[in-house]
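Engineer: The lines below spell out each chain.
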Amino acid sequence: MSTTTDPKTTVEVLLAAAGLTVTPEEFDAIVRSYPDVRARIDAMYAVPMAKEEEPQLVFTPFV
Amino acid sequence: MNLSDLTATELLGLYAAGEASPVEAVQDCFARISAVNPVLNAVLTPLEEQALAAARASADRWAAGTARPLEGVPYGLKDIVATAGIRTTGGSALYADHVPTTDATLAARLRDAGGILLAKLHTFEFACGGAQNRTFGPCRNPWDVDRTTGGSSSGSGSAVAARMLPLAIGTDTGGSIRIPSSYCGLTGIKPTYGKVPRDGVMGMSWTMDHAGPMTRSAADAALVLDVISGASAGDPTSSARPVPDHTAAIGAGVAGRRVGRLRGWFEERMHPAVGAAYESALVELAGTGVEVVDVELEEVDVIAAASWTVIYSEMLSLHAGVAHLIEDRDAMGAGILSATPYVHAADYLKALRYRAVFQQQLDSVMAAAGLDAFVTPAATTTPPKLADMLVDTGDGLVDWLDVASRVTVPFNYSGSPALVVPGALVDGVPTSVQLAGRPHDETTLFALASAFQVATTHHLVRPAEEPLHTTVPSTAGAPA
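Just so you know, the protein sequences line up as chains H and X, in that order. Under our numbering, read the first sequence as residues 1 to 63, first letter to last. Under our numbering, read the second sequence as residues 1001 to 1480, first letter to last.
Don't read these hints as lab results, they were simulated from the structure. Misleading hints may appear alongside valid ones.
Once the Cα atoms are required to be at most 20 Å apart in a straight line, the calculated SDA-like pairs of lysine to any residue come out as [to be verified]:
(1) H:LYS8 <-> X:GLY1335
(2) H:LYS8 <-> H:TYR34
(3) X:LYS1385 <-> X:MET1366
(4) H:LYS8 <-> X:HIS1344
Facing chain H, according to a computed beta carbon distance under 8 Å, are these residues of chain X, among others [to be verified]:
(5) GLY1234
(6) SER1239
(7) GLY1287
(8) THR1288
(9) GLY1289
(10) VAL1293
(11) GLU1299
(12) THR1309
(13) PRO1341
(14) ASP1347
(15) LYS1350
(16) VAL1357
(17) ALA1464
A virtual CB, placed ideally from N, CA and C, is assigned to each residue, including glycine.
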């Protein structure tokens, strides 16, 4: 799910879509941190897992 | 003897012997609240009149021989737990005057078991807002009033540690029972996902949220968990399993049990002095007859990212209705909310799928090593000062959010039960050890914790008195 879009554009669009407003300082901080946030999320995609594992839980919490 | 100093188990013993009454206990607790809450700010809504009325009814029950499991035991509730007719603020200006019409199931269960609600307690705003609550001021740590209790169950940690009341309920989405329990020297348990129903508890992330007790002993935590566990028609995610007798596990033998010490990630970014205290605690744990063996998890660095991916997605969904009010919220919660839109639907689903992989990995490691539980530090640093919220990892000062939940959030993600017990003091503040177990196996954790507390006295040490009575400058955040 990695994106090549400019972080500033991405942050601007996603904040607007979520209906969130932030100060200019917060916006700049989010833009700076966004590539790292995205990289950490993308690390999940490097882990091999079979599609059949979803949504089976090893333990069923409700019983 | 001041009854506010006693645990719930000790109070019940005195009541049964006719050597104290619930009325005296409630009076002592309110005297204590009056004495130290002006500094600590743990209590948002005191309920003295109704508590004394309930205490008188409890005394009658003891006299009539109809006492219930928590008859006459005072307790507090984190102020995200709904209470009928009593304001439930969520620690937020947005809910400052909110008065629910029904009790949360766990609150009703505590009341029906004879517990006496003394107060609604301070919380980080919506359980994620940060230590500097701009509506109610910061809650202070009794061990060092310049430091945070951690959160988000801030008032629960402070009030129980300061002997305002013997026990309180906290909630835990990424560590919010275990972090303040650790910072305040308490025993706290995040039970298995689904064990304690959450209907009536303000949600943050529905597959990560848990509720549980914060106490001054493993015995008290087991006593409370016995009362609040079990299926609820109001919470479709609550477990239908029969509730085991957790209290029966207190004092059970642990010789020959095997505990896996999670190395690597779980012991990184740890201050050397906290690490030394942890090593000492492991020696003490081994002294109970437990065998401690080293284990490691694969790809553990992915767990935190996956956990926060779930929290961000579910938090944005739950808070969408108030997202436009973000400027009225506290900084930390607003900051977390601002981070939520960057998780795509595919990321969320990937994180849910990875949850199954992680659960399977925990199970496999336990089976391969013949483990009964895992052990980790409950916090890798001492609590930060309220003034800057920075923690010292030994490699320098970092924002506390960078490290505070790294050892706790994996067990929210897996749904596993995790219990923390106090270790030795470092710089005058508590350290803590975390025990995590198989799903639905809280009894093993209680057996291990109670053995540890028989062998040690860390849980009996109390904060110094003098700072709790010193006037705090109003600029440092008195309640608004």
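Engineer: Each hint needs a verdict: does it hold in this structure or not?
Structural biologist: Do the hints match the structure? See the list:
For a cut-off of 20 Å, the pair hint linking LYS8 of chain H to GLY1335 of chain X stands: about 17 Å separates their Cα positions. A threshold of 20 Å between alpha carbons decides the hint, and for LYS8 of chain H with TYR34 of chain H the separation of about 9 Å falls inside it, so the pair holds. Note on LYS1385 of chain X and MET1366 of chain X: the hinted pairing is violated, with a Cα-Cα distance of about 37 Å set against a maximum of 20 Å. For the given pair, LYS8 of chain H sits about 17 Å from HIS1344 of chain X by alpha-carbon distance, which is consistent with the 20 Å threshold.
Interface restraint check for GLY1234 of chain X: the shortest CB-CB distance to chain H comes to about 14 Å, outside 8 Å, so the restraint is violated. Hint status for SER1239 of chain X relative to chain H: holds, with the closest Cβ pair at about 5 Å, below 8 Å. Here the hint on GLY1287 of chain X is broken, as its CB sits about 32 Å from the closest CB of chain H, past 8 Å. The beta carbon of THR1288 of chain X comes no nearer than 28 Å to any beta carbon in chain H, farther than 8 Å, and the hint placing it at the interface is violated.
Against a cut-off of 8 Å between C-beta atoms, the interface hint on GLY1289 of chain X is violated, since the closest Cβ of chain H lies about 28 Å away. The interface hint given for VAL1293 of chain X is violated, since its Cβ lies 22 Å from the closest Cβ of chain H, which is over the 8 Å cut-off. The interface hint given for GLU1299 of chain X is met, as the beta carbon of that residue sits about 6 Å from the closest beta carbon of chain H, less than 8 Å. The closest approach between the C-beta of THR1309 of chain X and any C-beta of chain H is roughly 6 Å, which is under the 8 Å cut-off, so the hint is satisfied.
Interface hint at PRO1341 of chain X: satisfied, since its Cβ lies 4 Å from the closest Cβ of chain H, which is below the 8 Å cut-off. A least Cβ separation of about 5 Å between ASP1347 of chain X and chain H falls short of the 8 Å threshold, and the interface hint therefore holds. The closest approach between the C-beta of LYS1350 of chain X and any C-beta of chain H is roughly 5 Å, which is under the 8 Å cut-off, so the hint is satisfied. With a least beta-carbon distance of about 5 Å to chain H, the hint placing VAL1357 of chain X at the interface is held under the 8 Å criterion.
Against a cut-off of 8 Å between C-beta atoms, the interface hint on ALA1464 of chain X is violated, since the closest Cβ of chain H lies about 39 Å away.
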